[in-house]
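If you're matching positions, the sequence shown starts at 1 in the UniProt record's numbering and goes up one per residue.
Calculated from the structure, these hints are not laboratory results. All C-beta atoms in this analysis are idealised placements derived from N, C-alpha and C, irrespective of residue type, glycine included. Fair warning: there could be bad hints in the mix.
Think about it this way: if two alpha-carbon atoms lie no more than 25 Å apart in a straight line, the pair counts; the simulated DSS-like pairs of lysine-lysine are [stated by the list, open to error]:
| hint | residue 1 | residue 2 |
| --- | --- | --- |
| 1 | K191 | K140 |
| 2 | K68 | K129 |
| 3 | K140 | K129 |
| 4 | K217 | K191 |
| 5 | K186 | K140 |
Ranges between beta-carbon positions, derived for each pair [as the list claims (entries may be wrong)]:
| hint | residue 1 | residue 2 | range |
| --- | --- | --- | --- |
| 6 | D54 | G192 | 26 to 32 Å |
| 7 | T242 | T264 | 18 to 24 Å |
| 8 | P77 | G253 | 43 to 49 Å |
| 9 | D6 | I166 | 22 to 28 Å |
| 10 | D117 | G20 | 51 to 57 Å |
| 11 | I166 | P77 | 38 to 44 Å |
| 12 | D6 | Q224 | 31 to 37 Å |
| 13 | E219 | S11 | 21 to 27 Å |
| 14 | I166 | A245 | 23 to 29 Å |
| 15 | R4 | S249 | 32 to 38 Å |
| 16 | G70 | L119 | 45 to 51 Å |
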Amino acid sequence: MQPRPDHGEESYQGSGRLNGKKVLITGGDSGIGRAVAIAYAREGADVAINYLPDEEEDAREVVELIKKAGRNVAAIPGDIRDETFCQTLVNQAVDALGGLDILVNNAGRQQFCESIDDLTTEAFDATFKTNVYATFWITKAALRHLSSGSVIINTTSVQAYEPSDILLDYAQTKAAIAVFTKSLAKQLAPKGIRVNAVAPGPYWTVLQCCGGQPQEKIEKFGAQSPLGRPGQPAEIAPLYVTLAAPENSYTSGQVWCSDGGTGTL
C-alpha cells in the first residue's frame, strides 16, 4: 500500500497510562487496529491480536513491535465470522494474557458496491457477520472475564451518520455498532464496565485500497475534509488510549468522532 500508512511505529511514545492492563484487539494486524496495538503496548498493556490467517506476515510485525515494547503478546489467527471461533479467541486471549481488562472490537469488512442490484446476499452476510455478529459474539464471550473497571471499545464509522451511496451494507453495520454501544453501556453500567465507540472519518488504511473504495475515490481520498487529507492510523490511536485509560472512569455510552474537522458528530 502506497504511501504506507503511519501506525506510530516510529512516533508513538507511551507514558504508562495502561500499565498492567490485558487487552484483546480484533483486526490488530493492520490499519487502526495495528496502531492501537502499538499504542497500548507502549502504554504498558499486554496485548492479544486477532487477524485473518492470510495476514500472518503483517501480524508478525505487530508481534515484534509489542515485544520490543517489553510487553506480553498473543497472536491468534482466525475468522471471526464463525461464532465458535469467537468464543475460542476470547478464551485463548485470556489464557495467554492471564485475564482480560480491555476489549477492542475493531475488525471490519468494507466492500463498495454501486447498486443494490449488484449487492449479493453472500456479500451482505459477510459484512454483517464480520462487523455486527462478531462484535456481539466476542463481547458476549468476553463479559465472562471482564470485571468492574473493564472497558469495551467498538470501532464504528462516520458512515453510520453520513452514509455513502456505495457503502450500503457497511454503513448499516456501523450504525448498528453505534446503537449497540449506547445500549450495552446502559446495561453494563451497574457492573462498572464502560462501553464507548470511535467513529473514524477518512483514515488511510488498507480497508480503503482493498475494495473499500473505487480507484477514482482513492486518488483523492480525504481531500474533502477541512484538513484536506486523510488521517493516519497513528493519529486516532491516542483516542483509543484515552477511552481505555482509568482516569476516564465517568465516560461511557458515547461515540467519539475523528474526521478531520468535517463535523459529522
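Each hint tested on the structure:
Pair hint K191 plus K140 holds up; C-alpha atoms about 14 Å apart against a cutoff of 25 Å. Of the pairs offered as hints, the one joining K68 and K129 is violated, with about 34 Å between alpha carbons and a cut-off of 25 Å exceeded. As the CA atoms of K140 and K129 are separated by approximately 15 Å, the hinted pair is consistent with the 25 Å bound. Between K217 and K191, the direct Cα distance comes to roughly 44 Å. Violation of the 25 Å bound is thereby established for this hinted pair.
A hinted pair counts as satisfied when its Cα atoms are at most 25 Å apart, and K186 with K140 qualifies at roughly 15 Å. In this structure, D54 and G192 break the distance hint of 26 to 32 Å, their C-beta atoms being roughly 38 Å apart. Range check, T242 to T264: Cβ separation about 19 Å, and the 18 to 24 Å hint holds. Range check, P77 to G253: Cβ separation about 32 Å, and the 43 to 49 Å hint is violated.
At about 26 Å, the beta-carbon gap between D6 and I166 stays in the expected band of 22 to 28 Å. Take D117 and G20: their Cβ atoms lie about 52 Å apart, and the range 51 to 57 Å holds. For I166 and P77, the Cβ-Cβ distance of about 30 Å falls outside the hinted range of 38 to 44 Å, so the restraint is violated. Taking the beta carbon of each, D6 and Q224 are about 20 Å apart, not inside 31 to 37 Å as hinted.
At about 26 Å, the beta-carbon gap between E219 and S11 stays in the expected band of 21 to 27 Å. For the pair I166 and A245, the beta carbons lie near 36 Å from each other, so the given range of 23 to 29 Å is not met. The hinted range of 32 to 38 Å is satisfied by R4 and S249, whose Cβ atoms lie roughly 36 Å apart. Range check, G70 to L119: Cβ separation about 46 Å, and the 45 to 51 Å hint holds.
Violated hints, listed in ascending order, are 2, 4, 6, 8, 11, 12 and 14; each of the other numbered hints is respected by the structure.
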